[in-house]
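Could you build all of it, start to finish, from the sequences and the hints given here?
Respectively, the protein sequence lines represent chains A and B. The numbers in this note's numbering rise by one with no breaks, and the one at position 305 of the first sequence is 305. The numbers in this note's numbering rise by one with no breaks, and the one at position 413 of the second sequence is 413.
If you're looking for bench data, these hints aren't it; they were derived computationally from the structure. Computed from a predicted structure; not experimentally measured. Possibly wrong hints are sitting among the right ones.
Label-pair ranges, simulated between beta-carbon atoms [to be verified]:
1. Leu242/B x Ala194/A: 33 to 39 Å
2. Gln54/A x Ser24/B: 46 to 52 Å
3. Gln150/B x Gln348/A: 53 to 59 Å
4. Pro113/A x Arg118/B: 42 to 48 Å
5. Gly271/B x Arg118/A: 54 to 60 Å
6. Gln348/A x Glu84/B: 40 to 46 Å
7. Gln54/A x Glu114/B: 44 to 50 Å
8. Gly97/B x Glu114/A: 41 to 47 Å
9. Pro336/A x Asn52/B: 35 to 41 Å
10. Met1/B x Glu72/A: 47 to 53 Å
11. Gln150/B x Ala62/A: 31 to 37 Å
12. Arg335/B x Pro336/A: 38 to 44 Å
13. Gln26/B x Arg118/A: 44 to 50 Å
14. Thr403/A x Arg118/B: 53 to 59 Å
Derived contacts from chain B toward chain A, CB cut-off under 7 Å, selection only [claimed, not checked]:
15. Leu21
16. Ala30
17. His32
18. Gly135
19. Ala140
20. Val291
21. Leu299
22. Arg328
Even glycine gets a Cβ: it sits at the ideal position worked out from N, Cα and C.
Protein chains: 2
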Amino acid sequence: METIKVAVVGFGTIGSGVAHLLLSQQQRIARHAGCRLQLQYVVDPDLTRPRNVQLPEGLLTADLSKVADDPEIKVVAQLIGGIEPDRSILLRLLESGKDVVTANKALLAQHGPELFERARQLGRSIAFEASVGGGIPIIAAIGQSLTANQIVSLSGILNGTSNFIVTMMEESGVEYDQAVKEAQRLGYAEANPAMDVDGTDAAQKLAILAQLAFGASVPWQSIPRVGIDSLTSADLRYAGELGYRIKLLASANLTQDGLELHVSPTLVRSGYPLAEVRGAFNALTVVGDAVGPVFFHGLGAGQMPTASAVVADMIDTVVGRTQITFRRLEMWPTRPSPVSLCDHAGRQARYYLRFRVDDRPGVMAQICGILGNHQISIASVIQHEPTEEEQGSSVPLVIMTHTASEGAAQMAIEEINYLDCVQPPSVRMPVLDESSDVVE
Amino acid sequence: METIKVAVVGFGTIGSGVAHLLLSQQQRIARHAGCRLQLQYVVDPDLTRPRNVQLPEGLLTADLSKVADDPEIKVVAQLIGGIEPDRSILLRLLESGKDVVTANKALLAQHGPELFERARQLGRSIAFEASVGGGIPIIAAIGQSLTANQIVSLSGILNGTSNFIVTMMEESGVEYDQAVKEAQRLGYAEANPAMDVDGTDAAQKLAILAQLAFGASVPWQSIPRVGIDSLTSADLRYAGELGYRIKLLASANLTQDGLELHVSPTLVRSGYPLAEVRGAFNALTVVGDAVGPVFFHGLGAGQMPTASAVVADMIDTVVGRTQITFRRLEMWPTRPSPVSLCDHAGRQARYYLRFRVDDRPGVMAQICGILGNHQISIASVIQHEPTEEEQGSSVPLVIMTHTASEGAAQMAIEEINYLDCVQPPSVRMPVLDESSDVVE
Chain A
1 METIKVAVVG FGTIGSGVAH LLLSQQQRIA RHAGCRLQLQ YVVDPDLTRP
51 RNVQLPEGLL TADLSKVADD PEIKVVAQLI GGIEPDRSIL LRLLESGKDV
101 VTANKALLAQ HGPELFERAR QLGRSIAFEA SVGGGIPIIA AIGQSLTANQ
151 IVSLSGILNG TSNFIVTMME ESGVEYDQAV KEAQRLGYAE ANPAMDVDGT
201 DAAQKLAILA QLAFGASVPW QSIPRVGIDS LTSADLRYAG ELGYRIKLLA
251 SANLTQDGLE LHVSPTLVRS GYPLAEVRGA FNALTVVGDA VGPVFFHGLG
301 AGQMPTASAV VADMIDTVVG RTQITFRRLE MWPTRPSPVS LCDHAGRQAR
351 YYLRFRVDDR PGVMAQICGI LGNHQISIAS VIQHEPTEEE QGSSVPLVIM
401 THTASEGAAQ MAIEEINYLD CVQPPSVRMP VLDESSDVVE
Chain B
1 METIKVAVVG FGTIGSGVAH LLLSQQQRIA RHAGCRLQLQ YVVDPDLTRP
51 RNVQLPEGLL TADLSKVADD PEIKVVAQLI GGIEPDRSIL LRLLESGKDV
101 VTANKALLAQ HGPELFERAR QLGRSIAFEA SVGGGIPIIA AIGQSLTANQ
151 IVSLSGILNG TSNFIVTMME ESGVEYDQAV KEAQRLGYAE ANPAMDVDGT
201 DAAQKLAILA QLAFGASVPW QSIPRVGIDS LTSADLRYAG ELGYRIKLLA
251 SANLTQDGLE LHVSPTLVRS GYPLAEVRGA FNALTVVGDA VGPVFFHGLG
301 AGQMPTASAV VADMIDTVVG RTQITFRRLE MWPTRPSPVS LCDHAGRQAR
351 YYLRFRVDDR PGVMAQICGI LGNHQISIAS VIQHEPTEEE QGSSVPLVIM
401 THTASEGAAQ MAIEEINYLD CVQPPSVRMP VLDESSDVVE
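Below is the structure:
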């Protein structure tokens with residue numbers, strides 16, 4: 001049986017998991033690859049930090065040129081994270097004739113066009129299943145299995161940290177700050193979780209999916225995004241009363257006006273698959289015009305789930321599937337995008353609105369009047385009797401609207417916030433539209 | 001752009017859907033395939049029956065040799081269904097040098113070894129994504145995306161007709177016969193639904209998945225199977241009281257004693273993804289040793305979902321991915337199976353038991369005594385006060401057990417059925433074990 005030499009660059013959590021699989025599961029991997037994958041080097045500047053995998057003598061090196069200059073090494077898993085030096089290393093590996101596997105969504109969202117164009121010029125491939133959804137085969141599903149479809153919409157829970165925090169707030173009734181602390185204590189959130197909780201990570205993954213599913217080249221920074229950092233347990237409770245859960249969703253919808261993308265805490269009807277995703281799990285609903293809705297659920301991060309996707313990509317590259325897929329995907333082509341982005345303000349959605357209002361006559365009429373002026377009609381209202389502490393002070397008023405445009409909703413809220421009887425900030429979240437899922 | 005000629009054999013529901021996609025989505029398909037797919041012939045003995053797709057003049061023919069003898073036709077979707085003449089036609093197409101795409105699970109479960117061996121001998125490929133789970137990319141996920149994993153278990157709702165019937169019984173409280181009639185009226189069940197409701201269809205699909213995920217060559221007839229045809233709405237109600245739903249699950253579990261396969265109505269804890277699958281949807285949980293549980297959900301049958309999978313397979317074949325995958329999968333190899341089947345009687349599970357018992361003293365003690373003699377311990381019991389009609393006659397007794405062996409459970413039930421105070425038949429259903437899903 002032939003032996004193919006491979007290498008891992010970056011000996012962090014994911015790199016250790018990949019090295020562990022390559023070293024401990026040689027027979028299994030050889031059966032799927034049709035040849036032995038021999039781990040030749042693991043490259044990392046830190047040679048001493050303890051990791052949870054034992055490398056054979058001589059494998060660990062700080063010298064990238066040992067990999068770059070070895071023509072026998074065909075496939076490299078590049079798992080450093082961050083932008084630089086990851087970008088430069090990836091380019092150097094491509095230029096040294098390696099096919100590359102990466103899990104770095106930030107790098108792809110930022111420099112995808114440059115990296116993919118360079119790989120095409122050099123006749124090399126980049127595999128990136130692990131960059132979105134960890135071990136869930138989302139990239140393969142959209143890029144290979146659903147190619148007979150026009151993808152109509154994507155809605156995903158793509159950030160496990162946020163979902164863990166929101167689930168904890170919902171199940172334990174704790175507020176955001178306390179849930180973050182607990183997530184940090186349990187290892188589900190970084191010391192600085194900003195990129196996870198403010199929607200950046202989800203927007204980067206959505207930019208990759210938008211390119212894959214719609215051919216839309218979208219700088220991730222231009223995707224409207226709201227994180228979970230201002231979510232309150234009260235909103236989760238009111239949503240529950242209305243029959244919904246709140247999830248941080250990354251959404252793409254192909255409308256008559258073009259492609260609409262956003263990341264936002266979103267109300268999802270209880271019992272709907274995306275609503276039931278708990279803890280650190282990720283999930284994605286893809287709706288295709290032929291297949292209807294397909295739902296994927298699994299661990300979107302973590303050492304071994306991510307390593308599972310990286311090693312599968314290495315096997316795919318060794319057997320030659322990746323090279324075919326890479327050519328056919330045409331990710332970030334130099335020609336113009338076949339789909340235009342639609343104006344975010346024109347997006348249509350139902351909205352959950354929460355105001356803090358004075359508990360006195362006429363308030364409801366004023367607010368409803370402004371909504372009506374903006375052509376926003378009301379589907380349901382929750383206003384409970386004020387509690388003893390609330391007597392005479394402000395009380396929450398929750399309104400679910402019928403379908404309205406994003407622009408109208410935004411203007412109405414701004415106007416309402418100017419009312420004397422309203423204490424900003426007010427809360428506004430979209431409700432997931434399930435109508436595109438109805439295929440039967 | 002190059003043109004590749006393709007053909008469809010079988011102009012039924014699925015064949016019409018495939019022809020529709022090939023004719024109406026030429027540009028989309030060409031983008032993914034890198035070449036034009038030209039539908040050259042649709043072969044069917046019935047030239048006159050109306051279908052919901054309009055074929056251009058000259059495409060429809062009853063003469064298979066037009067396809068077999070045309071060397072320019074490279075890829076054929078073979079969509080007849082049943083065993084013969086499907087088997088002979090598939091062999092003839094392979095021998096004529098065609099790569100074949102099929103949705104026929106019955107044929108693969110029955111003649112997979114012969115067909116795949118012949119394809120290997122001839123250097124041809126067979127793609128079969130549509131054979132299990134309709135439009136859900138289950139075959140690609142297990143065969144390509146999860147190859148870094150040892151699959152530990154599979155649990156699937158693989159028959160949409162059964163799930164539709166069970167969902168209707170649960171939601172409307174109707175009994176089996178009435179639910180079947182309603183499913184037939186709505187087109188979710190055939191005039192003779194035997195193969196769907198008795199577990200045959202699910203067992204055939206499980207045999208394909210067992211080969212794909214575990215390399216286990218298992219005649220589908222040897223898979224222990226129980227259908228939904230003896231399910232009562234009372235059992236669905238009691239399961240609900242205990243916090244479970246009942247689903248017809250096809251299950252494969254890799255145990256220390258070997259691979260354990262079965263199809264059975266199974267109690268699944270409410271809120272668990274498989275429990276929430278409603279109506280005609282299919283779903284599958286795959287647990288891998290690295291990735292943990294991955295859950296797939298979508299339309300497992302129907303014209304366009306199935307056509308979506310068939311056309312994706314045709315594209316995969318045209319670009320060359322199928323040929324690589326086909327070689328690496330080694331489905332039904334001539335060498336012996338790497339995994340042995342374990343004795344079904346040794347299988348460990350928790351059980352739901354329902355007895356009809358006389359409403360008099362000492363009954364519970366007798367039944368619990370027999371269970372104890374067989375080392376089966378009791379987790380919970382439901383026995384309600386008898387209703388007015390039940391006074392003095394028999395009442396239902398529901399028992400949930402702790403983990404016990406299948407053999408012990410079966411023997412205990414047989415013994416209990418001989419008691420004077422028990423009116424057979426008694427009901428016994430396993431409870432889905434979620435312990436292998438706990439990865440964190």
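Query raised in the report: Is 46 to 52 Å a correct range for the gap between the Cβ atoms of Gln54/A and Ser24/B?
Result: violated (57 Å)
Query raised in the report: Do the beta carbons of Pro113/A and Arg118/B sit within 42 to 48 Å of each other?
Result: The hint (42 to 48 Å, Cβ to Cβ) holds, given that Pro113/A and Arg118/B are roughly 46 Å apart.
**Report entry** Per-residue hint verdict: Val291/B, partner chain A, C-beta under 7 Å
**Finding:** This interface hint holds because 4 Å falls under the 7 Å limit.
Query raised in the report: Taking the CB of Gln150/B and the CB of Ala62/A, does the distance hold inside 31 to 37 Å?
Result: Cβ of Gln150/B to Cβ of Ala62/A: about 33 Å, so the range 31 to 37 Å holds.
Query - Pairwise beta carbon distance, Gly271/B to Arg118/A, judged against the given window 54 to 60 Å - result: violated (47 Å)
**Report entry** Gly97/B paired with Glu114/A, Cβ distance criterion 41 to 47 Å
**Finding:** holds (43 Å)
Query raised in the report: Do Leu242/B and Ala194/A keep their Cβ atoms within the hinted range of 33 to 39 Å?
Result: For Leu242/B and Ala194/A the Cβ distance comes to about 44 Å; the hint is violated.
Query raised in the report: Given Gly135/B as an interface hint, is the shortest Cβ-Cβ distance to chain A below 7 Å?
Result: holds (4 Å)
Query raised in the report: Should the hint that Arg335/B and Pro336/A are 38 to 44 Å apart at their CB atoms be regarded as holding?
Result: Violated - the Cβ-Cβ distance for Arg335/B and Pro336/A, about 52 Å, lies outside 38 to 44 Å.
Query raised in the report: Cβ-Cβ distance between Gln348/A and Glu84/B: within 40 to 46 Å?
Result: violated (53 Å)
Query raised in the report: Between Gln150/B and Gln348/A, does the beta-carbon spacing fit 53 to 59 Å?
Result: At 47 Å between Cβs, range violated.
**Report entry** Distance restraint evaluation - Met1/B, Glu72/A, Cβ atoms, bounds 47 to 53 Å
**Finding:** 37 Å Cβ-Cβ, so the 47 to 53 Å window is violated.
In this structure, the earlier hints numbered 1, 2, 3, 5, 6, 10, 12, 13 and 16 are contradicted, and the remaining ones agree with it.
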